[in-house]
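There are 4 protein chains.
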Amino acid sequence: MSHPDVKYFPHLRKQLFEIVFGTETRAGKLFDIILLWAIVLSVLSVMLESVKEIRESYDSIFFVSEWFFTILFTIEYLLRLFITAEPKKYAFSFFGIIDLLATLPTYLTLFVAGGSYLVVIRSIRLLRIFRILKLGRYLREASVLSNALAASRHKILVFLGAVFTLAMIMGTLMYMIEGGESGFTSIPRSIYWAIVTITTVGYGDIAPQTVFGQAVASMLMLMGYAIIAVPTGIVTTEIAHAEKQQKKSESAARKCVACGKTGHDKDAIFCKNCSAKL
Amino acid sequence: MSHPDVKYFPHLRKQLFEIVFGTETRAGKLFDIILLWAIVLSVLSVMLESVKEIRESYDSIFFVSEWFFTILFTIEYLLRLFITAEPKKYAFSFFGIIDLLATLPTYLTLFVAGGSYLVVIRSIRLLRIFRILKLGRYLREASVLSNALAASRHKILVFLGAVFTLAMIMGTLMYMIEGGESGFTSIPRSIYWAIVTITTVGYGDIAPQTVFGQAVASMLMLMGYAIIAVPTGIVTTEIAHAEKQQKKSESAARKCVACGKTGHDKDAIFCKNCSAKL
Amino acid sequence: MSHPDVKYFPHLRKQLFEIVFGTETRAGKLFDIILLWAIVLSVLSVMLESVKEIRESYDSIFFVSEWFFTILFTIEYLLRLFITAEPKKYAFSFFGIIDLLATLPTYLTLFVAGGSYLVVIRSIRLLRIFRILKLGRYLREASVLSNALAASRHKILVFLGAVFTLAMIMGTLMYMIEGGESGFTSIPRSIYWAIVTITTVGYGDIAPQTVFGQAVASMLMLMGYAIIAVPTGIVTTEIAHAEKQQKKSESAARKCVACGKTGHDKDAIFCKNCSAKL
Amino acid sequence: MSHPDVKYFPHLRKQLFEIVFGTETRAGKLFDIILLWAIVLSVLSVMLESVKEIRESYDSIFFVSEWFFTILFTIEYLLRLFITAEPKKYAFSFFGIIDLLATLPTYLTLFVAGGSYLVVIRSIRLLRIFRILKLGRYLREASVLSNALAASRHKILVFLGAVFTLAMIMGTLMYMIEGGESGFTSIPRSIYWAIVTITTVGYGDIAPQTVFGQAVASMLMLMGYAIIAVPTGIVTTEIAHAEKQQKKSESAARKCVACGKTGHDKDAIFCKNCSAKL
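Here the protein sequences come in this chain order: A, B, C and D. All letters in the first sequence, in the order written, are residues 1 to 278 by the working numbering. All letters in the second sequence, in the order written, are residues 1001 to 1278 by the working numbering. All letters in the third sequence, in the order written, are residues 2001 to 2278 by the working numbering. All letters in the fourth sequence, in the order written, are residues 3001 to 3278 by the working numbering.
Pulled out of the complex, with its shape left as it was, chain A reads as follows (with noise of 0.2 Å):
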């Protein structure tokens, strides 16, 4: 199938697309409640299949179950590619990029066992739901969240590298400490430990067992403790200021028609420099 051009089928692949891409129309709605409901139902197979008791009982249910969402998958990922004007655009796009790899994992087991279960991929393209369900006010708490990570993300850079050379001298003074007893078995393993233990995730299958290793472990614990608010601190004043700007550019974007006025509140009804209805 060759990309097509938007000279044929105009009509045709309009329509398609309104379907398809569209959320509008009464058929588009439906078409992505259909989408997200064989998505739900594919991810949930693969899941399924991994559990040693139900893939013994129904192993061929999930064989024919893959097939078919994968088939349906290619069918869906050619059509939009078909009806789109600019089909490398929508190829190299997010979404794009995210429905094609929803779909190889099931022709990879043909060469290589195992690769099915990649099709966990296709959870992503739930995001989707986001955009059938219309909710602006989601976009925008998102918009709001990714502006401040991404304008912490110099900082938290900062202190992830700092942590991590805190973990590796951490993990190899204990590994020193403990002699390789009690699971510091050698140097990363050890800064695998104290990894675990800065996050306060706390697994327990390695813990020091000799006084002193408490000890240091214990001053290791109260830096982590401490060290867990910069982080809390770099995104909590980003995403103040992150809110701040959204407001302001929200506001910014609010016209007045008659005088030209800018920054009226978001529930202003009227100008008020001319009181001209907004």
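One should not assume that every hint holds.
[Unchecked claim] Simulated crosslink set (DSS-like; lysine-lysine; CA at most 25 Å straight-line):
{"no.": "1", "chain 1": "D", "residue 1": "K3248", "chain 2": "C", "residue 2": "K2247"}
{"no.": "2", "chain 1": "D", "residue 1": "K3248", "chain 2": "C", "residue 2": "K2248"}
{"no.": "3", "chain 1": "A", "residue 1": "K247", "chain 2": "B", "residue 2": "K1247"}
Hint data in this document are derived by calculation from the structure and do not stem from the laboratory.
Add chains B, C and D to chain A, keeping to what the hints say.
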């Protein structure tokens, strides 16, 4: 018992209303305190009954106490329905539904075994304590908190959705890496492990054993450690905002009767505009 | 020994007061440093005594040191009562009560076995260190922190009440789901598990084994993960507020003696109103 | 080798200086990148050596690589001392001391066994990466973070002191309650448990078994859960403050050469006072 109309026994019902619903009179206060103790005792009795050694020794006492409290709460519920002027409004209010649910579990045990544990729902009734203590301060704080949580619920949902998607992908990845060993026996179980790790709970019932698995787990922990900053940042920003709004509306509520000026400080005694006493 | 009146030995008592209570003179500083070391040694000695191997070897040393420090602290306490002008005020002050409690446990061992561990209460006396170091800066910080905590105590109580109710309901639910297996042997134990999980401590001594139990546990963890944001948000807002108040009151405290103007910057040398030196 | 004076070989030393210390020239960049890889390889080699299976197979390779890197870093250190104009200043600078410490551990192994693990200190040298990448942005962020941490260090110390006192008292209490059972074998060990619990790490190697012990532990967890809010609140407030200061000093640094006006926005191109280009 039919739903009574306010025409019947208006005097008796008014008196009872002051005792059962009111907290101003001495009798009303006493009624509420006895009620709270009855709730505490009935919940405690169910908890102790679940301890095997205690249940075996005092089996009949628990049976009696359970039915005693259930009948007591049933009478109380019917009484409340009888004396209130708008029984329907009460029956469908938050506390009305909780009051009903608090009586049902024991009756349920007549048909289904094990239902008796549901009486723990009675503990929600203890929230009445804030009303009895007349701690307006607590109600104010609770309202600041719930406003902040309500305002940030969209952001929190977006955040939890992203965390769950991350847990699904990382859980599947770990299932593939650890190959069904050391507790990672299925994808749902591995997702459970990923959530235990991201939230820094870290039971340790499932923990990676391979070097590569521990490296991926370390990465996930550091992500969880940085990610926890996000809900904190969201809620902090909202609490600061809700706090400000509360103060604003409180000062707006103080209005000078002489000149109509609002916005007086919380501790102001005289109107700042016309010096009249507030 | 009767409570002395300031009429007796005024000179001796004044000199002793400067040594025991004061930290300005050289003797006063020395007294406090010796006292701190005695406290550290006595607490350390009790801790080491609890280690079985050490106790068996040095039993008599611990016995002697315990009585030595106890008699020392008793003499010190009586001395403080004797030299202060208002013995009653001291006896009922925070440090007065701690000083008394620090001497009692060893006497208690004459009547009750095991009471000796209570001497750990002596460690609270180490807080005197801030007074000796004359670190006004630390006291200022401690006051900001305790103001912030005091201001947020109502919100924190409401929050802890809500968390405990959640733990009670979820614990009972898990007891019903896991059916007394894998550690969930009674409702109180299941509530203990719920608290361990919500607070993200996660010992792992009790952990759900059924699929449904793990699903509910995952939900509880995500809730705990989001809920932890609440106390953080509360305290952050209050610390920012307390910080602002502190600065305000500090700048208000700086008053120009020439013109009476207040509100000068912390580093201002001249009055900003009349240029007089501050 | 004597400390050289700038009089000898001024030309050669200037050229070498640009390569070894500088990052502007191509040769300088290449030198730094090779150095970083050498550091990474030497640290990795020590880590892998600690894994028993790998050490047994490649013993001689590790021996050679360790001495190779040590001699390389020793030559580099002496070179730096030789070419810098102020060798003393370099020798006592932060990186000068780290550079020296990075070479010593291997020489130490000639006298003391096990000292080789100390080469992990070399990983601190990796911080040079920020200088090579010329990421001024990262340095700015690091300075905001370290300013915030420095400003809050008094509050953090007061906080850690309070947490440690709490851990000491609660640890002793639990030792008395659990009576030396289920891991609480001594007071120091119980204090270790208390720190593990307050910081929400929760290994689970020590966990209360008695009902009363679990109740006290639950209380301690809830306290730790609420207490963690304190360092977070402190650091958040300080980061917000440091962020503001940084912006202020950055905008103050932008001064119009025409009229001397400062305080221009970060993205301003013209002076807001006299319209001259900045």
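Query - Restraint check for K3248(D) with K2247(C), where alpha carbons must lie at most 25 Å apart - result: With a Cα-Cα distance of about 19 Å, the restraint between K3248(D) and K2247(C) holds, given a limit of 25 Å.
Requested in this report: Sort out whether K1247(B) lies within 25 Å of K247(A), counting only the CA atoms.
Outcome: The hint holds at about 21 Å.
Query raised in the report: Does K2248(C) lie within 25 Å of K3248(D) when you go C-alpha to C-alpha?
Result: Roughly 21 Å separates the two Cα atoms, so the pair holds.
Hint check: no violations occur; every hint is consistent with the structure.
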